[in-house]
Structures are given as structure tokens and as C-alpha cells.
Amino acid sequence: MRVYFAADNQAEERLQKRFSKIIDILSNAGILVMSNLINENISGFSAADLEKISQSGEVLLERMDGLIIEGTNPLAESGYLVALALAHRKPILYLVEKGKAINKNLLHLRKDKNTAKILSLQNYGESGLEKIILDFLGIVEKGEGKETPTIKFTLRITPRIERFLHWKTHNTKVSKADFLRELIERLIDQDEDYQRFVGKKEGE
Amino acid sequence: MAQKGQKIYLMVVSESPGMQKKDWLSQMPELRIIADLEPVFIFDQPSVNITPEVWLKLAREIHQRLDSAGGFVILHGVDNLLFTSSALSFLLQNLTKPIVFTGTQFGSLQSRRVEMRANLINASQTTHFNFTEVCLMFGNRLLRANQARQSLEKSLNVFTAPLNAVLGRIDFSIRIFDKLALNNKGKTKLFDQLSDQVEIIRITPVLNLKILAKRLVDREGIIVNAKYYQELPRDLMFLFEKITPDLPVVIWTNRIQALPIAPKNIILINNLTWETTVTKFMWAVGQSTNAQKVKELMLKDVAGEIIEN
Numbered sequence: 001m002r003v004y005f006a007a008d009n010q011a012e013e014r015l016q017k018r019f020s021k022i023i024d025i026l027s028n029a030g031i032l033v034m035s036n037l038i039n040e041n042i043s044g045f046s047a048a049d050l051e052k053i054s055q056s057g058e059v060l061l062e063r064m065d066g067l068i069i070e071g072t073n074p075l076a077e078s079g080y081l082v083a084l085a086l087a088h089r090k091p092i093l094y095l096v097e098k099g100k101a102i103n104k105n106l107l108h109l110r111k112d113k114n115t116a117k118i119l120s121l122q123n124y125g126e127s128g129l130e131k132i133i134l135d136f137l138g139i140v141e142k143g144e145g146k147e148t149p150t151i152k153f154t155l156r157i158t159p160r161i162e163r164f165l166h167w168k169t170h171n172t173k174v175s176k177a178d179f180l181r182e183l184i185e186r187l188i189d190q191d192e193d194y195q196r197f198v199g200k201k202e203g204e
Numbered sequence: 001m002a003q004k005g006q007k008i009y010l011m012v013v014s015e016s017p018g019m020q021k022k023d024w025l026s027q028m029p030e031l032r033i034i035a036d037l038e039p040v041f042i043f044d045q046p047s048v049n050i051t052p053e054v055w056l057k058l059a060r061e062i063h064q065r066l067d068s069a070g071g072f073v074i075l076h077g078v079d080n081l082l083f084t085s086s087a088l089s090f091l092l093q094n095l096t097k098p099i100v101f102t103g104t105q106f107g108s109l110q111s112r113r114v115e116m117r118a119n120l121i122n123a124s125q126t127t128h129f130n131f132t133e134v135c136l137m138f139g140n141r142l143l144r145a146n147q148a149r150q151s152l153e154k155s156l157n158v159f160t161a162p163l164n165a166v167l168g169r170i171d172f173s174i175r176i177f178d179k180l181a182l183n184n185k186g187k188t189k190l191f192d193q194l195s196d197q198v199e200i201i202r203i204t205p206v207l208n209l210k211i212l213a214k215r216l217v218d219r220e221g222i223i224v225n226a227k228y229y230q231e232l233p234r235d236l237m238f239l240f241e242k243i244t245p246d247l248p249v250v251i252w253t254n255r256i257q258a259l260p261i262a263p264k265n266i267i268l269i270n271n272l273t274w275e276t277t278v279t280k281f282m283w284a285v286g287q288s289t290n291a292q293k294v295k296e297l298m299l300k301d302v303a304g305e306i307i308e309n
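These protein sequences, in sequence, are chains A and B. Position one of the first sequence corresponds to residue 1 (our numbering), numbered consecutively onward. Position one of the second sequence corresponds to residue 1 (our numbering), numbered consecutively onward.
Please keep in mind that the hints were generated in silico from the structure rather than gathered at the bench. Be a bit skeptical, because a hint or two may be false.
[To be verified] In silico DMTMM-like links for lysine to aspartate or glutamate, alpha-carbon gap of 20 Å or less:
#1 B:K154 / A:E51
#2 B:K154 / A:D49
#3 B:K154 / A:D24
#4 A:K142 / A:E62
#5 B:K154 / A:E58
#6 A:K104 / B:D36
Looking at chain A on its own, in the form it has when it is part of the complex (with noise of 0.2 Å):
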């Protein structure tokens, strides 16, 4: 699991030791640790795979699992990773200290019920810390804020469809329920007239 740090590289000494720290709690969970913090970063990522991430056009954010901005003192940058990180629905825990106000632009995200789910904001003091960022990967590994399959639905199908199903996903790694999840996202995304109806009600 690759998780991005960014912190205030200017702060005094004291965040300082408190961002070694966010960073040591990480790396002891076996997390890969990119920071705007660290010079050398160890990704886990070959030269040849940054090339071809390069290539692709992908931003690195991307191919993280989370972001972690601990932001006691104001980052330049940290709004735009938020943006960023939301837009690619990547979890996101927000840390300030306590006795801090937190930014109202971020407060106000948390109003929107789907940003929601994925952005946390804490205020956090020196005890509670470890227990805060080790609740978080346990949402960023769950998958949390991404849409689960909850609704239960029976479906009879034919032989031929079974046949063809079992044929589809034998020695795969896909199950037949989810390779119809997939067929039918596919088809959602390809529905014009449905995402012109489904805009509509949005914009209502």
C-alpha cells in the first residue's frame, strides 16, 4: 500500500519531529511512504514503471492508495492535492493540531455527502496521533468511499448463459458476479441517453 505525506517543509523543529514521526508510524505499518518531506523517495516503483506512468499521462497522486497533509501550518499545495486526491477518489486524512482551526474551504467539503466519505479532518494531540493514522489505513485498505454491491438480486439464467459465464471466468480470478458487475458498468458508461437522464436528475 503506497501512501503520499506532504507537510509544511519550512515548519520549526517541533512539527518536524512530528512529521518524522507520522512517516515512522507509516513505514512501521509496512506502508510505501512518498513524501514531499523525504529526498529520496522509495515508491516501490521500478524506473522503467515511473517512465511508463510518465508516458500514460498519470499523475503519481494516482497511483497512491491515500494522502496524508498534516497541515498545522498552512501548505501552498495542499488544496490542490485535496482537489486532486478527490477528484481520483482517493482517501485523504486531514491533520491539524488541536487547538487549531481547520480550514473552512475543507469544512465546507465535508458538507457534500459523497466527499465526505473519503476526506477526514482531525484535529489531533501527541497521544492520540498513532491511533488516528492507523484508523485511517484501516479505510484506505477497506476500500472505504468506494461503491460497494449491497443490493441482493436474483437472476435466472439459461444453460447456454451458465455455460458461457463458467467458460468467461474459469481459471480467472474474476467471479461470474463480478464479471456481470463489470459488464453492466460498461454498459452504464456507454448509455448516452441514460447519462443525459441520470445528469438531468443530478442538475434538478
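Since chain A is already given, all that's left is putting chain B on it; use the hints.
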């Protein structure tokens, strides 16, 4: 560079997939944490329908907002984007604010939405940096618009450009290469005229010179696309010398380095992209129809468009 209190204008120059015009920004609340964005709707059809009139409208709308703007983000479909962005670099000269084009490619609606959000966020963030030219922000690169070409690879980097025209890259943060990016001071000049009386000819064995000569009667200039040719047809050169001696004629080529015996009205261009050649010529002919004057303008570096070989 956007100062505190300055707006970033989001100029919408083509339809945007799945977005409702009335609550455009409320569908992307995360954009608000980057900049004070104000949308301006210029054109609401697919970008394939864009004409030079839209370029002029866009240039005027930008020019009248320059004082209150920190920068401009232009949302544009991929079709015709290189024409619009190149044209803008000639219509607004000595630019003092960043203008960043972005958009999405084809794909599923869901993937286009994510791509557009990410590109818009990157483009909006880019306007906070200190550079003053027309650029493209797609994928993870910021490119000088009038040196960019469509990429042949299947990539989020929809466009590509020579190394000297790659003005910035994104890994986790945006890095602008200050030494390469233009940084103008002073006053931006709006050019409000483009000639649309330009004939574009592609050399092929079936080019009929008699029909062509008739078409050239009302023209103010000619562009010949001779991209892969090593020589030019003798009869065509004769036509330019004898029938249209006063018309400026651009020969756009990749392979011809010089034309030792060429009529005076011929302008050999081998260091501009096709889109830049067309739009620069339309701008130059809009300033003067004198072939010599047009030649001077075409050979001059006006907006960082000349590609160094």
C-alpha cells in the same frame, strides 16, 4: 500569476460531457478550494464546429477581463484545440496572464468526467505560477500551445511538443520550468482581425490547377500543405509566379530546407506546426495583404512559436 482576490476565469468553449450549465461549479466543489473560479460560456457545441469567429470572440472576452484576472482556464474539446490555442497566441500578444487550455478525450462518460476534473484541477493550479503564455495542460505535462502536436500514443498526454516547449510537469506537485516559459511585462495587445480569405491547398497528383486558379481570384493568401514532398510541382509554382504574383503563398513542408529559385511571394515555412502555420498566416494576412510584409511577419518569432531544429 494569480494574486489574492483575483479571479481565474473558466472560459467554456465547447460542450462538456455530463455537465449541466446552470450548476457547473457546484458539481465540482473541490475546484473552489484552489481558486476563485468564474465560468464564462463562449460556445456550447462540440469543438469540431468551432470557427475563426469563436477564436475572435474568445480573444475579446479574455482581453476585457485581463485586469481582474489572475489567469484563464479554457475548457475545449480535443478537436480543433490546437487551432484555437495557436490562434489565441497571435490574437493576444505580449500576454501578461497565463492562459491554460484543457479538456478531455473520448472514452466512457465516467472516465471522461474523472479526466476532466483532474485536468481542470491541474490547469487551475497552474495559473498560480509565474508565466504568461498560451499553454495546454493535459495528463501530466504543460506544453506551449503553438508548438504542440497531437500525440500518436494512447495516453492522457493528448498532446506532445519539442523538449523546449514542455513548460512544466506534474508528479505530486506542479513544476514549472521558469527558464523556458515566457514572462512578459507591460500591456497585452489585442489583434481583432484575422483573414478568412485564405486558400488551403494540399499537393496531390489530382490537384487541378485550372479550377484552383479560378478559386484564387478573391483570395488574400494561399497555404500549400507540402508536408512530405521534397520538391514542388513546376506548374503550381508557375501559377503562383504568373497568375497570383501579389498573393502571399506559404509553402508548409517538413522536408524542404530552401527554395533556391522561387517567386518573391513564396514563404517557405519548415519550423512551425501545421495549426500554427495556418493561424499565424490568417493573423499576418489580417494585418497586411502585402506579400513582403506578410513574409516578414511569418518569419518573425511572434509568440514563441518557432521550433528550433
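Here is what the structure says about each hint:
no. : hint           : verdict
1   : B:K154 / A:E51 : holds (15 Å)
2   : B:K154 / A:D49 : holds (17 Å)
3   : B:K154 / A:D24 : violated (39 Å)
4   : A:K142 / A:E62 : holds (18 Å)
5   : B:K154 / A:E58 : holds (12 Å)
6   : A:K104 / B:D36 : holds (15 Å)
Of the numbered hints listed earlier, the single one contradicted by the structure is hint 3.
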